[in-house]
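Undergrad: Sequence:
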Amino acid sequence: MFDPASDLWRFGVPPLELVVRSLVVYAIFLAALRLSGKRELGQFTLFDLAAILLAANALQPAMTGPDASLPGALTIILTLFGVNHVVAGARRRFPAFRRLIDVPPTTIALDGAWLRPALEHEGLDDEDLQAALREHGLESISEVRLATLEHDGSVSVVPREGGAVHIRQRHRRYRTPGNSGL
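Residue numbers (the numbering used here): 1 to 182.
Simulated from the structure, these hints should not be mistaken for lab results.
All values derive from a computational prediction rather than experimental measurement.
Heads up, a few of these hints could be off.
Stated by the list, open to error - Cβ pair distances, simulated, as ranges:
id: 1; residue 1: PRO117; residue 2: GLU139; range: 37 to 47 Å
id: 2; residue 1: ARG93; residue 2: ILE141; range: 36 to 46 Å
id: 3; residue 1: LEU8; residue 2: LEU35; range: 31 to 41 Å
id: 4; residue 1: ALA58; residue 2: ASP126; range: 26 to 36 Å
Note that beta-carbon positions come from the ideal geometry of N, C-alpha and C, so glycine has one too.
Could you put together the complete structure from these sequences and hints?
TA: The structure is reproduced here in structure tokens:
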């Protein structure tokens, strides 16, 4: 029987086990995101959000085991934020680590023409492309000197000479519900 006076505050498993479990799950999840490519890192659809919530729900028991204590939850949270801070710092400091973690950018348009093999490889469709152009204030691919699908799933566009100067902002790639990337 659950006794809140003691069970809520007492670790159900050793704290070191919670740390190790959390680090393993973090590494697996990071590898899965890296292997899935840029399409999972752009703007989320409702289906993407549902998949992420379900994945988090499925991964939670792997981290907690039988522990349902508040100190256990705090240990896991601090571990995840700590390892994320370390990974972010290593990513900034070590270019080789950045290349390992980040998906490289992909050129998707050059000199007024879409690069169809790159688009197919990245799973982009015409609606995605038109949305990216509109977000950058462009009407036609003929106005584009270079378009790149960045490592974070955003699309950056460099207009052709004579076009309006465009300051790069964070523009997310749009996906339709049928093209959620799952």
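Undergrad: Would you mind marking each hint as holding or not holding in the structure?
TA: Quick rundown of the hints versus the structure:
no., hint, verdict
1, PRO117 - GLU139: 37 to 47 Å, "violated, 25 Å"
2, ARG93 - ILE141: 36 to 46 Å, "holds, 38 Å"
3, LEU8 - LEU35: 31 to 41 Å, "holds, 38 Å"
4, ALA58 - ASP126: 26 to 36 Å, "holds, 34 Å"
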